[in-house]
Each structure stands twice: as structure tokens, then as C-alpha cells.
Amino acid sequence: MLLPPTPSQTIGPYYGTALPFPGGGDAAPAGHPAAVTLHGHVRDGEGAPVPDALLEFWQAAPDGSLAGAPGSLHRDGETFTGWARVPTDRDGHYVLRTLLPGGAPYLALCVHARGLDRHLFTRVYVTEPPGDALLAALPADRRATLLARPEAGRRTAYRFDVQLQGDGETVFLDWSAGD
Amino acid sequence: MALSEPAPRPAQEQIRPTDSGDSAFAAAARAVALRAPLRPAVPVPMPVAPGTAELSGPVFGTADVGPLDHDLTRQHRGEPVGERIVVAGRVTDRRGRPVRGQLVELWQANAAGRYAHPLDRHPAPLDPHFTGAGRCLTDGDGRYRFVTIRPGAYPLGGANDAWRAAHLHFSLFGTAFTQRLVTQMYFPGDPLLPDDIIRNAVSDAAARARLVSALDRALGEPGRSLGYRWDIVLDGPSATWTEGAR
Ligand SMILES: [Fe+3]
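Protein sequence lines correspond, in order, to chains V and U. Numbered continuously in this note's numbering, the first sequence closes out at residue 185. Numbered continuously in this note's numbering, the second sequence closes out at residue 381.
If we strip away everything but chain U, and leave its shape as in the complex, we get (with noise of 0.2 Å):
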């Protein structure tokens, strides 16, 4: 995007400071209005220097991720309560190339729809053995793999009352640092995906589209998990890219 118009935030526009009866709702309004720039990003200069600290980004290693991290049914002395999932995936840059030995974290409610986080106020239980975080690094093929239970739907408040669909929370770091990536899961055939406003912030029907995961039996645990599989493409310049095009 140059110096453009930015683009249109159909949120912004579904979230209104006027329903201020509820505070956190209050509280996602104000930051939708206050918080994006106005003025549009400024385009860097291409190519990019030599030695721009863009292009390259964090390592991470095995001391980062503990063996267990990608299991967030195993976090806790008993097993959470829900459906267990294992959601599993690919990570490669635009080109299709793997995003090898990266960080990928993962965020979610618990099966009532509930976060483990004190300003989660939604009165649904909290679950003892479910913390509903996770972390692991991507193979050598780029590909990442978590076990962990299927959220639940919560309400967002508000005076048209919207829910949010089922849902997980990425976040993903690319060879560069221009290619950082946090963003969110859906399942595929929920019936609230049409009207989660938060999905449709996305402007476009063909990348809402690719933030659905796809059932997929081989990638669960007979008789005990079913798999989705939820491929990721990172964008954004890096050194290998910027080698690759000349």
C-alpha cells in the first residue's frame, strides 16, 4: 500500500463508542476509533540497503520450546474439557519456500469460550486444566503441529450482541522481520463465521477465506482427536527474497 487511501476497516465501523453501557465493549470501540493511524504507512525505499536490520529477524532454538509447549492439553495435572484437536500446518514465504526452525505461538479460549486472562469477564466457567496457550518451532519442512482443544464461541456485548466464531490466536515469525505475522484460525462450516466482525475486518473475500482451516482425518489421532489443517503464507520482503529476485 504507497501513499494511498488506507484501506477501508469495516470493524471500525461495526464497533461504535455509543454502546457505552458495557466497559468492555467501551473499551474495544475506543481502540478500533483511537488507535490506527491516519496517516498512511510510509513506503521504504527499494531495494533496501545492505545491512537493513529489516531483512533478517530473531532466531530461536530449542532452549525456547520446551518439548511439551505444542500441547496444550498436557499443561495441567488432568485434561481440559472439550473437543481435543490437533491443528497442523505449513509455513513458507510467498514463494513456497519452508520458514524453517521459526516460532509459532498460540493463543485461545477454553471450550466454554472463556480466556485464562483476567479481563476475559464473560461469565462462562474457566477451566482448571486448560490454560490455552502454546508454542513450537516449524520443521525443517516449515511445518508446525499443536494438539489442543476446540474453542467455544464467546459474545463480544454490545447492543447487536455479536459473537465471535470459533477461533485461535497466531502468531508467527518469518527469516525476516518484515515478515512477522499475528493472526487468528476459524473452523471450517461454522455457522457465525458470516457475521464474526472481527474476521470480516478482512476486506477481501478470497484472505478471509484462507484464515478457515480444513478438516483433515490423517492429520488427527484415531478414536481420540480430529485434525485441521491450516497452511500459512508469510509475506513481506527478507534477505533470501531480495537474493532470489535479482
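Next comes chain V alone, as it looks inside the complex (with noise of 0.2 Å):
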């Protein structure tokens, strides 16, 4: 028998005094050669700046492990703990700097914001692996609201915008047929 959940509730505006924590958006080691910057901007239904939500990234390390490392609160400036909380400035714009992922090629992202009764989850695809399933299953032009963009001229960094409704919606995932 299976226990019922507890329901999820809105983050509402003020979680700043508790979930921001200084390094949030530093996953990747200080001064490690190989980090990447990937950033972007949080939009709303009118293409508006969301000032005010949440990003959490979750990933593989370089090497492909998913075990992760604790100190994720604690940056010690030199352990890769394949986690990142970074909140989204006055422009709606999030930076996070961090180490591509081993194995399959994306990180993944839970949106928080005021205003939604749960959190969204979705996916940065660094590259296009062939053969993903979630990828194929996707229409060309919401597979590519998924699809990270190397930004030109700069080998270390790319791009992720998140459309939360409306044109050019990203597409986010329901998890809940593994329960």
C-alpha cells in the first residue's frame, strides 16, 4: 500500500531569506579549467522577466557519476557536487557556472517561482544525443526548447532560456507515471 503524498504549495515570494545561499551558482570548482558558463532568462506569459524564481540543477559529473558530493551548501571551492541553486536577478537573467555533464549530455532543472502550485521540471540539453526517447518523442520546435545553445565565439558558455507559458513554451515534464 502505497502512503498518499503530501501535497506540493506555492514557493510564494519571500523563500530569499532561506534557499539562496552565497556560491549558489558556483557548481563548478574555482578556477577549473574546464568550466562552463550557462546562463539565460526566466520569462513570463507576456514574455515579462520573472525577477523572483528558483533554479535548481542536478547532473552527472564529468565522469558520468550521479552519486554527487556533499557540501552543495558548503562550496569548498573545490568539490564538484553536481548541484546548483541559483536565483534569477531583476532582469529575469540566472548565471551558473559548472562542468559539463558525463554521460547522458544534460542537466536537470526544477523552476520554482511565486505563482505556481508546484515546481516545473525540464531538462538542458547541452548537446543532441542521438537516440534519446524524450528527445524523439518531441516535435521538432519544442524538442528544441530543451536544446542549450553555444553561444558564439565562446567555446565555454551557452545558453537556456526558460519561456514558463505561452510562445515558444519550454517543455517541462510530468514524472508522476513512476509512481
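Don't read these hints as lab results, they were simulated from the structure. Some hints here could point you the wrong way.
To be verified - Estimated spans, in silico, between C-beta atoms of each pair:
no.	chain 1	residue 1	chain 2	residue 2	range
1	V	163	U	198	29 to 35 Å
2	V	156	U	203	42 to 48 Å
3	V	36	U	349	43 to 49 Å
Think of the CB as a built atom: it goes at the ideal place given N, C-alpha and C, for glycine as much as any other residue.
With the hints as a guide, dock the two chains, each given alone in a separate frame, to form the complex.
And the structure:
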């Protein structure tokens, strides 16, 4: 028999004193030669920036490991923990510094924002892997919303925008079928 | 929820952008109306492939949480104003298995119903001895425990003068990224509960009831604080879940 789950409730506007932490967007160890930047905007259904979203990333290490490591809230400058948390700024912009994942080439992304009854799951693909079942099942225009774009002239920077609603709406994922 | 209609959102119907005289309320209305996706979430094909990142999740350790981070009454030189409480419970998955060593985060208003946050313009006093943020790790049995003060109710603004019932905001991690949970805990017998539009965004009455804690005198400290028990069940698949299902 399965226990009924505790329902989700909106994160609201006041999480800022509790959840963001120094270095939250710095998943890559300081000065790491393979560090890349992933950045972009979060926008609402009218294209306005969302200045109070909180983005959480979880990903494999460069060697493909998904074991993670403690120390995510206490960045020691050395350890790659696989997890990052970064709020958007006043322009709805976020910046993550990380290492590219080994194995499946994506970062799992959880988007929290006031106004959402429940957070949203999506994926940031840094390359488009052949034979990926999830991407293959999507029409091309929707698939494109999950692909980070390498920035022209910068080998170490990627852009990934989150469109919460409307034209170009990001594909969000439903994991409940696994319950 | 497969490729069907999205669940109804009662909060969306009750917070309307027409109350534009109140900027905080207008911002909330805009968020409710313009941030929720219009398309249903795409079901992830199950069972998922081995190595799927979302079936695991971040790990936390003693470096991440200080020994007093769970006690919101001891973060400043003086003691905060308000009724001291202990809030504790157990975090499990849907099979009742404890979620061990995982991060639980808490944030809340002070006893007067005011957040120590620059966007909170409610004209109730700030408390110099209360920030209202805490964190802890679950123990080997999945238990968490916070010492804090009971938060006050606060107004949402708007034409109907809606108020929030007293509540604590919680953030939880499971063993898998898919088990992530952000939610709110309420207090038993609060007369504002039936009209709390955020709590009522959960359409199922039984599910709403699971957001309400229970007075548990055994959890409090005699002569010092009352205890409230709130157990939390995380949803969503995980690697251990998938193994157990086979
Ligand atoms: Fe609140």
C-alpha cells in the first residue's frame, strides 16, 4: 500500500531569506579549467522577465557519476557536488558555472516561482544525443526548447532560456507516471 | 497526470489582476495568471533508462548544516518575540521508507506576521531577533526537528482582504531529484484555514488536510514550548523505488 503524498504548495515571494546561498550558482570548483557558463532568462506568458524564480540544477559529474557529494551549501571551492541553486536577478537572468556532465548530456532543472502551485521539471541538453527517447518523442519546435545553444565565439558559454508560458513554452516534464 | 487537462487552479480564480490598486496584490495576480504553463507536462516514458539523472539527487552532509541551524530562536543575541514551538516529524517515501540524511529547509513570518524580507510591506513590526529561516538534516530514521516561534497570520491585500492562515514554508529533498518538494505547513484549529486561498489551491480535501500539523505535547519542551508533529511523504520515482518495484 502506498502512502498518500504531501501536496506541493507555491514557494511564494519570501523564500529569499532561506534558500539562496553564497556560491549557489558556482557548481564548478573555482578556477577549474573545464568550467562552462550556462545562463539565460526566465520569462512569463507575456515575455516579461521573472525576477523571483529559483532554479535548481542536478547533473552527472564529468565522469558520468551521479553519486553527488556533500557540501552543496558549503562550497569548499574544490568539490563538484552536482547540484546548484541560483535565483534570477531583476532582469529575470540567471548564471550557472558548472562542468559539462559525462554520460547523458543534460542537466536536470527544477524551476520554482511564486504563482506556481508546484515547481516545474525540465532538462537542459548541452548537446543533442542520438537516440534520446525523450527528445525523439517531441516535435522539432518543442524539442528545441530543451537545447542549450552554444554562444557564438565562446567555447565555454551556453544559453538556455526558460519560457514558462505561451509562445515557445519550454517543455516541462511529468514524472508522476513512475509512482 | 498524463496528457490530460491540467488540474484546476482555484487560486487563479480568486486572485485577479483587476485589483490593481495594490501593487503587491497585482504582482501576485500576474504571477498566478502568467507563469503557469498552458501545455500539460510531457510524461517521461517509464521505466526510465539506467543512468537517468533525475532518479538520483544531491547529497548533503554535516558541512552543509550548522548545529544551531535548526533553532530559529537562537540565531540572534536576543530571543524572538512569540510563542515558542517545536515542529518535528518524519520524512518518508510513499512506501514509508525513511528519507535519511536529506536537507529540510524552513522559512516563515515572525510572530507579528511579517517576513524579514525586503518585499514584505505588511506594516507589522520586524523582530530584530528573528530572521525566520532554518535548516536541518533528517536523521537515520528520516526525522527532522525545528525549534522556532509560531508565525502570525498576514494579509494578502486585494479587494476581499484575504489573509493567510499561520503557516511554515518547507523545502525538502528526497533521494531522487523527482522527489523534490516545496510546500507549507499549517496549524490545527486555525480559524483562517477554511478561507486560506493558497491552501485551497490544493483541490482535494484529504490532501489539504495533510498540510495541517497535529499538536503533540510529547515533542515540546516542558514549561518552554508546545510541540507540533508533521510527517511528510515525498512523491515521485527514485532509483530505489524502481528497484523495489521489480
Ligand atoms: Fe508565507
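Hint by hint, here is what the structure shows:
The hinted window of 29 to 35 Å between residue 163 of chain V and residue 198 of chain U holds, with their beta carbons roughly 30 Å apart. Taking 42 to 48 Å as the suggested C-beta distance range, the pair residue 156 of chain V and residue 203 of chain U conforms, at roughly 45 Å. For the pair residue 36 of chain V and residue 349 of chain U, the beta carbons lie near 46 Å from each other, so the given range of 43 to 49 Å is met.
Taken one by one, the earlier hints all hold for this structure without exception.
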